[in-house]
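K.L.:
As a plain string of letters, each chain reads:
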Amino acid sequence: MLLFPASQFSNLFSALFSHYRRHPLQLLALALMIMLATMLWTGVNHLTTQARASLGQSEQAVAARSQLERVDGQALTVADFVTLRRAGLCVMPWLEVESPGQGGRLVGVDPLAAGCFEQTGLDAVNESLEPSKKPEPAWTPMLNGEPFIDISEAAALAQNVASRNVSLSLLIVPPEPASALPADYRMTGFSLGPDTGELGDSFLLNLDALGFLVLLITALLLRSVYQLGMAQRRDSFALLQRFGVMPSAINRVLLVEILLLALLSVVPGVWLGRLLAGTVSGGFGQALDSLFDTPLYAGQSQSWLTPTATMMAIVLVVCLAQNVRALLLRTVAVWPLASLAKLLTGADAGTEFRQKPWPWLALLLAVAGLAMALLAQSLPLVFFAVALVFAATGIAAPFAIAALSATLARKTREPLARWRHTELGVMARRLALPLVALQFALAMVLAVQALVTVFEATFDEWLGQRLAADYFIEVPAGANADAAAQWLAAQPELAQSGDWHQVASGVAQLPATANDPTTANPKMDRKAQSVDLLAVGPVSPLLTMWSLQAANDQPWQGFAAGEGVMVNEQLARRYPLAVGDTLALTLANTRFELPVLAIYADYGRPAGEVLINLELLPDEFVPAFESFSISPGASDIALISDGLQRLWQVDSVRVRDNKRIRELADAVFDQTFLLTRAMTFVTLVLAAIALLIMGWVFFSIRAWYFRLLQVWGLTKRQVLAQLGQLALTLTLSITLLALPLGVWLTWVLVHRINPLAFGWSLPMAIYPGFWLQLGVVSVLIGLSITLLMRSQLGGSGPKPVSAASLRGDER
Amino acid sequence: MTEPLLKVRGLGKHFASAGQTVNVLSGLELTLAAGGSLALMGRSGSGKSTLLNILCGLEQPDAGFVSVAGEHLAADSSASGPNQQRWARLRRQRIGVVFQEANLMPALSLLDNVRLRARLAGHSDQHCGDWLKRLGIGELAQRYPDQVSGGQRQRAALAMVFAMRPSLILADEPTGSLDARTALEVADELFYQQAASGCALILATHDSTLAARCGQRLDLAQMGA
Chain G
500 MLLFPASQFS NLFSALFSHY RRHPLQLLAL ALMIMLATML WTGVNHLTTQ ARASLGQSEQ
560 AVAARSQLER VDGQALTVAD FVTLRRAGLC VMPWLEVESP GQGGRLVGVD PLAAGCFEQT
620 GLDAVNESLE PSKKPEPAWT PMLNGEPFID ISEAAALAQN VASRNVSLSL LIVPPEPASA
680 LPADYRMTGF SLGPDTGELG DSFLLNLDAL GFLVLLITAL LLRSVYQLGM AQRRDSFALL
740 QRFGVMPSAI NRVLLVEILL LALLSVVPGV WLGRLLAGTV SGGFGQALDS LFDTPLYAGQ
800 SQSWLTPTAT MMAIVLVVCL AQNVRALLLR TVAVWPLASL AKLLTGADAG TEFRQKPWPW
860 LALLLAVAGL AMALLAQSLP LVFFAVALVF AATGIAAPFA IAALSATLAR KTREPLARWR
920 HTELGVMARR LALPLVALQF ALAMVLAVQA LVTVFEATFD EWLGQRLAAD YFIEVPAGAN
980 ADAAAQWLAA QPELAQSGDW HQVASGVAQL PATANDPTTA NPKMDRKAQS VDLLAVGPVS
1040 PLLTMWSLQA ANDQPWQGFA AGEGVMVNEQ LARRYPLAVG DTLALTLANT RFELPVLAIY
1100 ADYGRPAGEV LINLELLPDE FVPAFESFSI SPGASDIALI SDGLQRLWQV DSVRVRDNKR
1160 IRELADAVFD QTFLLTRAMT FVTLVLAAIA LLIMGWVFFS IRAWYFRLLQ VWGLTKRQVL
1220 AQLGQLALTL TLSITLLALP LGVWLTWVLV HRINPLAFGW SLPMAIYPGF WLQLGVVSVL
1280 IGLSITLLMR SQLGGSGPKP VSAASLRGDE R
Chain X
6 MTEPLLKVRG LGKHFASAGQ TVNVLSGLEL TLAAGGSLAL MGRSGSGKST LLNILCGLEQ
66 PDAGFVSVAG EHLAADSSAS GPNQQRWARL RRQRIGVVFQ EANLMPALSL LDNVRLRARL
126 AGHSDQHCGD WLKRLGIGEL AQRYPDQVSG GQRQRAALAM VFAMRPSLIL ADEPTGSLDA
186 RTALEVADEL FYQQAASGCA LILATHDSTL AARCGQRLDL AQMGA
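Listed in order, the protein sequences are those of chains G and X.
In this text, residue positions in the first sequence follow our numbering: the first is 500, and each later residue adds one.
In this text, residue positions in the second sequence follow our numbering: the first is 6, and each later residue adds one.
Hints are not guaranteed to be accurate.
Covered by chain X, according to a simulated footprint, are these stretches of chain G (three or more residues, beta-carbon under 8 Å) [stated by the list, open to error]:
#, stretch
1, 749-761
2, 884-898
Selected chain G positions facing chain X (Cβ under 7 Å, derived; list incomplete) [unchecked claim]:
#, residue
3, F508
4, C615
5, S1199
6, A1202
7, V1210
Calculated pairs, DSS-like style, for lysine-lysine (alpha carbon to alpha carbon, straight line, at most 30 Å) [unchecked claim]:
#, chain 1, residue 1, chain 2, residue 2
8, G, K1158, X, K138
9, G, K1215, G, K910
10, X, K12, G, K910
Hints were generated in silico from the structure; no laboratory data involved.
C-beta atoms are modelled at their ideal positions from N, C-alpha and C, and glycine is treated no differently.
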């Protein structure tokens, strides 16, 4: 690679590197930027890779498998396993345990027992079989801790872990005939949750997008710091060229320099990123588990090579963009390709910035991005639209500030104000990259904050709806729920001061319909589908407090009288249905046609759901699950549970304390967004520090002109006031420009990305109070720049700068 | 008897360098009448720029005192407060400073630079264009500093100074970065306008021909400063 002797290279390297010996803080800033960018991106990427692999593993491992439960509701033990194996059934224990230290969950399996799960038939034979009769898919677990380990190891680990972090399941190959299953057991599907793939993928997609945004912001900051160094070194490059050093030789030395710097910064960055992921994986895993019923399994890590190579490539491209641009321009020398390449590969914030194509390019990108965000029907396209709009605002923001300042300068008659306005324009152009990075960071923080706050409020309402009762009592298998309802109705204290209702859940079938002119959506075809059925009664205040999105005049009265059903938002959107439509549904071979009385908020539940009065359930309908929601009021829940225990003649009744669950849920939810908030906060701090450094360096370069004002008769305090005004105007301007971008991003997240990813939409809310907080942050950044500059102004008498500094790009 | 415009008595200034104290100025005495001119000579580092900075109140002396148009600056003067505000007003209204280069705000046109200086001095900016014309660069009024030559920039700097109608001009090697012919033209303008406006001039220079055109001469190197 080196076309000149090593000693010459060494001399040249030493000469060029002397810049950083003179400015060690700049070198430190560069290294820190690379390291932090690597850390943030690696951290997020590590977590999402781990989570995505977990989803894949769990789907592959448990696809179409069944598990066993005890009919009496007791927990499974080793004795159950032994009994079932002795009965000749193919069962396998599945022991999940929290991984000590590194976060995530390990799965203990018995490889010998897993043997009977292996595929026995040939694919050709499989194809000819009914789906239900196909043999289980082949599966041989690798016991390498990613996430599978031998069950004996898992059992040993389980002894040192809290029992709530351990769960034992028994997987089974359905026996032929079904009657071979002992009477004490029943078979259920082994699934880690409904539609986890779609939801989990969407969640991870959002995290990926956030990671990408962080990467973009840090790349901008990195470029700005590097560009600053290059600008300061231009005179040195020119001098070396006068001494006969070829520009290509200088470029090679610069390449080696940035390669070394990148390598020295990226490797610890990757290490820190993995450390960060390890630290937050506990909370992240809990969030994944609670939100999507998908545990975060241990060991799904990627190698060091991918993040290292990715970040090295990004650093090289970002820092050597000028060289890449020159190469691209040489390659596509034919117009208009050359012009396009020149436009796309960017230019210095100097004279080229003022060229006319920039505003037009920004406008074009903005229009394309906005239209695409509005019309796109797939997530990747919406994300692409977001990227277009961000690119457009990134180009437009410094230009807008510069144009506004130029207009103000033209309009004002006061020379000092005119100077200030023109100086603001210079700053906007010279600090374009860190400014844009700050704008992006502010917009991202604003959108994430709005989304998280709305999410929290919605989640709170959801908890309020689902956990409205103080207690929840599960009806044991075989117990008579109707008798219990009669007993509860006969309790005078409960009737006077408490509320309760019975719940029976199961499945309802909705038929396909085509072009039904009686519906609110006559042109929509409806597909046949199974939906969750929730039968409730009697109608208590615990139900009437539910939030209804649309309803007829007296929905709950009609519901209590059995005159109709209610559907959740998800079913209303997908089927589709509106209030007043007639819903045909089949419950255990009985067909109903009932009007839709109301649509209730489901707060993100992905499955369709029908709420029906319990009294309408046909006798032959067998509920999958039955329970009572009870707020005992003046009576004692212990007395109620004792009464039900006696009535049902069982050893114990499972009573769930909803208040406690709510506290736990709140805590888990807080952890869910800890990562998001932490990342956005770190990015904002990074952007603020970068602008601070860049602003300080920029003002240092222009300190002479501020001192000139002192020479012309302004006191130091007056000069400082001018400087403060400039810094504050700049930071507040970019904050103001970040607000619409942030609000738009919130809109995209709420109204486009969420419905496309999750199938439901949150209410859109904006928080002007938070805008004020961001305003305060920008004021603090501006004031910090001013305070830093105070020391520059306090130096000795003014000294003229060199003639070389009077270049055109200074204005 | 008329009070001199500038009076310097027992002026001293030292700097600390590499652990040693370097006396740049020591016991300096100087008097300049209104309308007079003085050439400051001396090697690089002899204290010419430091003296000019002290004379316009940008630096504090370590000993002695300076009086300009009745305003006193002594070694024990406060670095801030009313004294500094008085000196800032003097610089704004009565003392014009011209450096070797970089006298103009790069983001403003030549005309706007002159206007800014005139307005800071409390004058109307109506005749600022005339000053540019008088100095031969009227047609460049809307150009920016980076769009004109070094000589034209120095003419604009002179226009700025004269537009503020000063009592005293402190010029720190104003032709030092220009070629011989341009330097001569700029110097001619400086002396012509100084004579026409009746202000005093202190000119720091290495050029003995230029120094010879001043009424007084002070060689800091010979003073042993």
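K.L.:
Hint by hint, say whether it matches the structure.
P.N.:
Results for each hint:
1. Using a Cβ-Cβ cut-off of 8 Å, 0 residues of the stretch 749-761 of chain G lie near chain X, which falls short of the minimum of three, so the contact claim is violated.
2. Restraint check on the stretch 884-898 of chain G versus chain X: 0 residues with Cβ-Cβ distances below 8 Å, three needed, restraint violated.
3. Taking 7 Å as the C-beta contact cut-off toward chain X, the hint placing F508(G) at the interface is violated, the least distance being around 34 Å.
4. A cut of 7 Å between beta carbons decides the hint on C615(G): the least distance to chain X is about 82 Å, and the hint is violated.
5. Because the closest C-beta pair between S1199(G) and chain X is about 15 Å apart, greater than 7 Å, the hint is violated.
6. The beta carbon of A1202(G) is not positioned within 7 Å of any beta carbon in chain X (closest approach about 12 Å), and the interface hint is therefore violated.
7. This hint holds: V1210(G) has a C-beta 5 Å from the nearest C-beta of chain X, less than the 7 Å allowed.
8. At roughly 85 Å between alpha-carbon atoms, K1158(G) and K138(X) are farther apart than 30 Å, so this suggested pair is violated.
9. Our distance criterion of 30 Å between C-alpha atoms is met by K1215(G) and K910(G), whose separation comes to about 27 Å.
10. At most 30 Å may separate the alpha-carbon atoms for a hinted pair to count; K12(X) and K910(G) exceed this at roughly 44 Å.
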